[in-house]
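Heads up: the sequence lines are chains H and R, in that order.
Counting along the first sequence from 1, when you hit position 52 you're at 73 in our numbering, and nothing is skipped either side.
Counting along the second sequence from 1, when you hit position 85 you're at 241 in our numbering, and nothing is skipped either side.
Note that these hints are calculated values from the structure, not bench results.
Just so it is clear, the structure is predicted and the values come from calculations on it, not from any experiment.
Quick reminder that beta carbons are idealized off the backbone N, C-alpha and C, glycines included.
A couple of the hints might just be wrong.
Pulled from the structure, derived: some chain H residues nowhere near chain R, Cβ distances all over 10 Å [to be verified]:
| no. | residue |
| --- | --- |
| 1 | Lys45 |
| 2 | Thr46 |
| 3 | Pro49 |
| 4 | Glu56 |
| 5 | Asn58 |
| 6 | Gln59 |
| 7 | Glu89 |
| 8 | Ala116 |
| 9 | Ala122 |
| 10 | Leu147 |
| 11 | Asp149 |
| 12 | Arg152 |
| 13 | Ser159 |
| 14 | Glu163 |
| 15 | Arg177 |
| 16 | Asp182 |
Here chain R is said to cover these stretches of chain H; the calculated rule only asks that three of the stretch's residues, wherever they fall, bring their Cβ under 8 Å from a Cβ of chain R [stated by the list, open to error]:
| no. | stretch |
| --- | --- |
| 17 | 68-77 |
| 18 | 134-146 |
Below are the chains, spelled out letter by letter.
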Amino acid sequence: MSADAAGDAGTGAFHDRLRAFEGKTAGPAEVAPDEVNQAMIRHMCEALGDENPVYVDPEAAARSVHGEVVAPPTMLQVWTMRGLRPRPPDDGGNARDDLYAMLDDAGFTGVVATDCRQTYHREVHLGDRLRVVTTVESVSPEKHTALGIGHFVTTRMSYLDAADEPVGDMLFRVLKFRPGTGRVAPSGTGSA
Amino acid sequence: MSAAAVPVPSRLLGDVSVGDELPELAVDVTATTVVLGALASRDWRPQHHDHHFATERNGLADIFLNTPNQAAWFERFITDWTGPFGRPGRMTFRMRTSVFPGDRMVFGATVTGVATDATGCGWVDLDVALRVGDRVATTCTARVALPVDPSDNPWRRHGDRWDPGGAAAAS
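Go ahead and model the full structure; you've got the sequences and the hints to work with.
What follows is the structure, given as structure tokens:
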């Protein structure tokens, strides 16, 4: 009997291996590559057409309660996003990335986000340098979903400032699925 | 500085009642909507900008709106209604189906709760939906603070006086 990941995917043994990641922190805190800055805020606001002046107009922001420009709260996770930069080779391992890699190797290469809960503990100012600590919260048993056969992975992100004070937190759930195993066409009713 | 330059709250907690509906926001989603939002949010995974990757590797219909972009659209929809004194506390959303280029997304919301918590902070609870045609793509519950009177501003709250998770018992 095959003992490799593809061979036992879908069995309790594979789920047990996935669940071994639960409660593990995904490596050291990831520090934002840049301080919270006006250019990135402006790009986000212009992409959406958000005209709230406290995000982009220093004079209006100075007259507001903030006294200065602040970032939209929902940009919480943007500051620490890795983009396409590879993980540092000496960071001691990353439970979330290793878990995703185990799922990829077993054929669950598709990924869609399904659930997100963000809580905003304080406003974010220009010059803040945020960091995020990520923990693997849970991995579901194998599920048959409209998109395909897969596992739901839930992670918790705690965003901290330079003084390690909480700025916000996020629960984030994705479905890692096997492309082509869905019950229905993945188009939904959209994108005619 | 003239008095007119000092902003005043455009919506107070007392102006809001359970059952109120927010004005809808409709957006025609294009590839530009998806790609600009993904790039501006540093969400550079290819399923949000590379059509061939999305369809051929992921087996999806097209590139699709990424999570931080959806969060930002919900925030814009809600704070367009509250005005700049409205302060988001928590947003919980479930993406049931993806939003693709060519979709017309329509945001709508109903007020489900109006309360003042133990610290005196005024809170509005909203049930929000992002619809595409007759399909509900994303559901969202949002908790946003509003001023309780013209001199109040939820953004001045810090520490124990700001409880976005609702741990303090709401009255």
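Evaluation of the provided hints:
no.	hint	result
1	Lys45	22 Å, holds
2	Thr46	21 Å, holds
3	Pro49	19 Å, holds
4	Glu56	14 Å, holds
5	Asn58	12 Å, holds
6	Gln59	13 Å, holds
7	Glu89	12 Å, holds
8	Ala116	19 Å, holds
9	Ala122	15 Å, holds
10	Leu147	16 Å, holds
11	Asp149	15 Å, holds
12	Arg152	15 Å, holds
13	Ser159	16 Å, holds
14	Glu163	17 Å, holds
15	Arg177	13 Å, holds
16	Asp182	13 Å, holds
17	68-77	holds (count 7)
18	134-146	holds (count 11)
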